[in-house]
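Q: Sequence:
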Amino acid sequence: MTTMFGSRQRSTMHPRRIALLALALSACLADARPAATGLSGLVSIADGDPFTIVRRDKLRTGSRGVTLVAGDIVETGPGAFLAIEMQGGSLVGIGPSSRVYFLQRGDVPTLVVLKGWLKADIRAKAKSAALRVVGTRMGIQAQQAVVLLYADERSDAIFDEQGSATLLLRDDAATRVDKETHPNQFFVREDRAEAVARARPSADFVANMPIPFRDPLPGIPPAKLKPAEPKLVRDVTYADIYSWLTMPRDWRGGFIGRFSGRLRDPAFFSAMDARLALHPEWIPILHPPPPPEPDHPPAALVPATRPTPH
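One gets the working numbering by counting positions in the sequence shown from 1 and adding 93 to each.
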């Protein structure tokens, strides 16, 4: 089978293959555009284990003073706690063993939580500055509220600690508005079941909540922080981004352009190829259909001649 990075070449290119390559180039260019300014934040506290950032196709380590931007994938270790001063004035806390994707989609900055804990003190001054926090099953959006989200393999749990917000439900590859929430309301949703509302958070939720989340998130004026750059570790491996390549498809737009360069690594290519069923949009990138043989015009018909009688 011909691969994108194989050695087989032809002098002609079929229009279908041209279209596929144009699609890949378009995805690459879209992902290479500067990140929207509506989603960025300065890490003001970084306690516990170091945290990692997948930026473009590189794995980096972050620290206090690093600015996180749209497109960053942040993962924390056990015992870690991050406090982030978001552009616009909101505060975000990321708990231990958590995976969060800074996704700018449309006018609403979104923090996608695949796993772990996130707390947001949302202080938007305009409707366009609302912040959305969402797991794979459920999320919440607000302009003025304090909300918590916890996600694990079985369910998503949301606590509206202060203020009014909007509950969001995930169905297949779409996010739909469900209902308005009120302070102290607690919601749990398992897989695609209905969200269950309660008057207060469950005992398990409170018991497992990271200790820093029990108090208001600390705010530190950015002027008092020394800017820092995340340190390069290496190119990403398939294991680094597997959970992101297989998250809901509407969230992974731009990943082809972002990570296709890693296919030059045989180990990365083999891992992608072995699991193509989990991210089928990569099939034409790894294995574009071979172009057909050039068409040849039919041979000219020569009128039959009768033999000359002798």
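Treat the hints with caution; some may be incorrect.
[Unchecked claim] Only pairs whose alpha carbons sit at most 35 Å apart, straight line, appear in this in silico DSBU-like list of lysine-lysine: (1) K319 / K208; (2) K218 / K319; (3) K218 / K317; (4) K151 / K272; (5) K319 / K151; (6) K319 / K272; (7) K208 / K218; (8) K151 / K324; (9) K208 / K317; (10) K272 / K324; (11) K317 / K151; (12) K218 / K272; (13) K324 / K218.
Note that these hints are calculated values from the structure, not bench results.
None of the values given here were measured: they were computed from a predicted structure.
Q: With the threshold set at 35 Å, check whether the alpha-carbon distance from K218 to K319 stays at or below it.
A: The hint holds at about 27 Å.
Q: K151 and K272 were given as a pair; does the straight-line alpha-carbon distance stay at or below 35 Å?
A: With Cα atoms ~39 Å apart, K151 and K272 exceed 35 Å; violated.
Q: Run the distance test for K218 versus K317: straight-line Cα separation, threshold 35 Å.
A: holds, 23 Å
Q: Mind checking the alpha carbons of K317 and K151 for me, to see if they're no more than 35 Å apart?
A: Holds - the C-alpha atoms of K151 and K317 are around 29 Å apart, at most 35 Å.
Q: Are the Cα atoms of K319 and K272 separated by 35 Å or less?
A: violated, 41 Å
Q: Please verify whether K319 and K151 have alpha carbons no more than 35 Å apart.
A: Satisfied, since the Cα-Cα distance of roughly 23 Å is no more than 35 Å.
Q: Is K319 close enough to K208, meaning Cα to Cα at most 35 Å?
A: Given that 35 Å is the threshold and the Cα spacing comes to 29 Å, the pair holds.
Q: K208 and K218: Cα distance at most 35 Å?
A: holds, 29 Å
Q: Would the hint linking K324 and K218 be met if the CA-CA limit is 35 Å?
A: holds, 34 Å
Q: Is K208 close enough to K317, meaning Cα to Cα at most 35 Å?
A: holds, 31 Å
Q: K151 and K324: Cα distance at most 35 Å?
A: holds, 10 Å
Q: For the pair we were handed, K218 and K272, check the Cα-Cα distance against 35 Å.
A: Holds. K218 to K272 sits at ~22 Å (cutoff 35 Å).
When each numbered hint is compared with the structure, violations occur for hints 4, 6, 10.
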